[in-house]
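K.L.:
The residues making up each chain are set out below.
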Amino acid sequence: KNEVEQSPQNLTAQEGEFITINCSYSVGISALHWLQQHPGGGIVSLFMLSSGKKKHGRLIATINIQEKHSSLHITASHPRDSAVYICAVSYSGAGSYQLTFGKGTKLSVIP
Amino acid sequence: DSGVTQTPKHLITATGQRVTLRCSPRSGDLSVYWYQQSLDQGLQFLIQYYNGEERAKGNILERFSAQQFPDLHSELNLSSLELGDSALYFCASSATGRRVTFGSGTRLTVV
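Keeping their order, the protein sequence lines are chains A and B.
The working numbering puts the first residue of the first sequence at 15, with every later residue one more than the last.
The working numbering puts the first residue of the second sequence at 25, with every later residue one more than the last.
Everything labelled a hint here was simulated from the structure, so no lab data went into it.
Just to be clear, a hint being listed does not mean it is correct.
Unchecked claim - Below 27 Å or equal to it, Euclidean Cα-Cα: the simulated DSSO-like pairs (lysine-lysine) are:
#1 A:K67 x B:K33
#2 A:K120 x A:K82
#3 A:K67 x A:K120
#4 A:K117 x A:K69
#5 B:K81 x A:K67
#6 B:K81 x A:K82
#7 A:K67 x A:K117
#8 A:K120 x B:K33
Stated by the list, open to error - Some chain B residues judged to face chain A by a derived CB distance under 10 Å, without partners named:
#9 G52
#10 S55
#11 Y59
#12 Q61
#13 Q68
#14 Q72
#15 G76
#16 F93
#17 S118
#18 T125
Positions of the beta carbon are idealized from the N, C-alpha and C atoms, including for glycine.
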């Protein structure tokens with residue numbers, strides 16, 4: 015069974031800090047996803063990665079397939095980045111969004 | 025507005041009852057996914073439909089069923105409801121080459 019572990023569970027940062035959230039998984043995957051869940055409950059897909067690195071604005075996601083590890087970085091964090099960030103994986107032979115989810119990292123950015 | 029519409033937003037019902045959750049996917053998306061988010065289990069993939077046909081099943085209980093209609097909207101039917109079925113139910117849709125889009129969810133409370 016593919017387990018997805020995220021760390022830390024909770025993270026509090028000062029505005030402007032560089033933030034890193036980590037995700038590790040136990041078996042081979044076809045893709046890894048980073049999702050953002052706002053306090054109101056809505057979920058937004060941030061990245062889908064199968065290798066390398068992707069950047070969107072202040073967000074950067076990387077994945078190391080050999081080490082079965084991914085990181086989500088937020089540069090120059092802002093209070094509006096406060097949310098739960100969820101790592102999820104899909105594996106070969108399954109549809110892209112038949113996902114196994116991590117438990118999430120709750121980020122609070124303080125002004 | 026993400027383009028994926030879920031109704032109702034909130035639902036309160038009694039144990040033993042049956043409810044239907046509805047999802048209209050983003051225009052052009054053929055795949056619909058259902059997920060459940062509960063406090064104890066976190067996010068779980070339930071079931072996927074593609075262009076009217078069931079494509080994959082995840083951790084979906086036998087008391088739950090879903091279908092996708094010719095106009096591509098989907099319904100998730102939950103029957104013989106138990107207290108433990110209280111959760112947020114998300115629908116998401118995707119198409120080849122497009123990232124998944126989540127609806128805002130239906131919050132089900134079983135009392």
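K.L.:
Would the pair A:K67 and A:K117 pass a check requiring their Cα atoms to be no farther apart than 27 Å?
P.N.:
23 Å, holds
K.L.:
When you check the alpha-carbon spacing of A:K120 and A:K82, does it fall within 27 Å?
P.N.:
22 Å, holds
K.L.:
Regarding the pair B:K81 and A:K82, is the alpha-carbon distance no greater than 27 Å?
P.N.:
It holds: about 25 Å lies between the C-alpha atoms, which stays within 27 Å.
K.L.:
Assess, step by step, whether the Cα of A:K67 is no farther than 27 Å from the Cα of A:K120, and give holds or violated.
P.N.:
Holds, because 23 Å separates the two Cα atoms, which is no more than 27 Å.
K.L.:
Under 10 Å is the threshold here; is the Cβ of B:T125 close enough to any Cβ of chain A for the hint to stand?
P.N.:
7 Å, holds
K.L.:
Taking 10 Å as the limit, does the beta-carbon of B:G76 come near enough to a beta-carbon in chain A?
P.N.:
15 Å, violated
K.L.:
Should the interface hint for B:S118 be scored as holding, given a Cβ-Cβ cut-off of 10 Å against chain A?
P.N.:
6 Å, holds
K.L.:
If you take the shortest Cβ to Cβ gap from B:Q72 to chain A, is it below 10 Å?
P.N.:
6 Å, holds
K.L.:
If you draw a straight line from the CA of A:K120 to the CA of B:K33, is it 27 Å or shorter?
P.N.:
Holds, because 23 Å separates the two Cα atoms, which is no more than 27 Å.
K.L.:
Is the interface hint for B:Y59 satisfied, with its Cβ closer than 10 Å to some Cβ of chain A?
P.N.:
Constraint on B:Y59 satisfied, holds at 8 Å.
K.L.:
Would the hint on B:F93 stand, with a C-beta cut-off of 10 Å toward chain A?
P.N.:
Check failed: Cβ of B:F93 comes no nearer than 20 Å to chain A, outside 10 Å.
K.L.:
Taking the least C-beta to C-beta distance, is B:Q68 closer than 10 Å to chain A?
P.N.:
Result: holds, 7 Å to nearest chain A Cβ.
In summary, the numbered hints that this structure violates are 1, 5, 9, 15 and 16.
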